Amino acid sequence: MCADLASAVVAFDEQTRAWQALDPKLPAAEWSPDHRAVMDDVAPVMSANADNLERLGRASDNAIVEDFTVLAAQYQRGYVEAIPTYSSADNVLWQVVASLVKAVNSGCKAS
1 MCADLASAVV AFDEQTRAWQ ALDPKLPAAE WSPDHRAVMD DVAPVMSANA DNLERLGRAS
61 DNAIVEDFTV LAAQYQRGYV EAIPTYSSAD NVLWQVVASL VKAVNSGCKA S
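First residue of the sequence shown: 1, per the UniProt record's numbering; consecutive thereafter.
Hints in this document: simulated from the structure, not taken from any laboratory. Any given hint could turn out to be false.
[Claimed, not checked] Between beta-carbon pairs, the in silico distance windows are:
1) I64 - A28: 14 to 24 Å
2) A28 - S106: 24 to 34 Å
3) K109 - A37: 10 to 20 Å
4) N62 - P33: 39 to 49 Å
5) G78 - L26: 28 to 38 Å
6) H35 - N62: 34 to 44 Å
7) E81 - A18: 14 to 24 Å
8) Q95 - A37: 15 to 25 Å
9) S106 - A11: 28 to 38 Å
Just so it is clear, the structure is predicted and the values come from calculations on it, not from any experiment. For each residue, glycine too, the CB sits at the ideal point set by N, CA and C.
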């Protein structure tokens, strides 16, 4: 599970570089067409990542890892749902995802 999670983290990072370069404080009402296109493109990547996180967690045979990854997946799905009406407050959803995935990934490195 740990190797698969590490690979998923790297792949997600590579697939979302354009999104990572955006200003998370900018609300959807102020997005340029290019900004909106990046957000539209990242939504299915995030949804697939959420599904993968949940799958990895459920297959881990570790209740804590499962809880953290399933929770991260739910928050990531919430972020995706917020995209059409995004406000800077919605970035907190992403911060939770990042923190949970980092916790599991760090735990893997420590074991």
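* Asked: Honestly, do Q95 and A37 meet the 15 to 25 Å range at C-beta?
  -> 24 Å, holds
* To do: Starting from the hint 24 to 34 Å, judge whether the C-beta atoms of A28 and S106 obey it.
  => 32 Å, holds
* Is 10 to 20 Å right for how far apart the beta carbons of K109 and A37 are? -> 35 Å, violated
* **Range hint 28 to 38 Å (beta carbons of G78 and L26) holds or violated** => 19 Å, violated
* To do: With 34 to 44 Å as the target window, see if H35 and N62 comply at their CB atoms.
  => The hint (34 to 44 Å, Cβ to Cβ) holds, given that H35 and N62 are roughly 39 Å apart.
* **Outcome for the supplied range 14 to 24 Å, where the beta carbon pair is E81 and A18** => 20 Å, holds
* CB-CB spacing for A11 and S106 relative to the 28 to 38 Å hint -> 18 Å, violated
* CB of I64 to CB of A28, is that within 14 to 24 Å? -> Between I64 and A28, where Cβ atoms are some 35 Å apart, the hint is violated.
* Range agreement (Cβ of P33 with Cβ of N62, hint 39 to 49 Å) -> 44 Å, holds
Figure legend: structure checked against the earlier numbered hints; hints not met, in rising order: 1, 3, 5 and 9.
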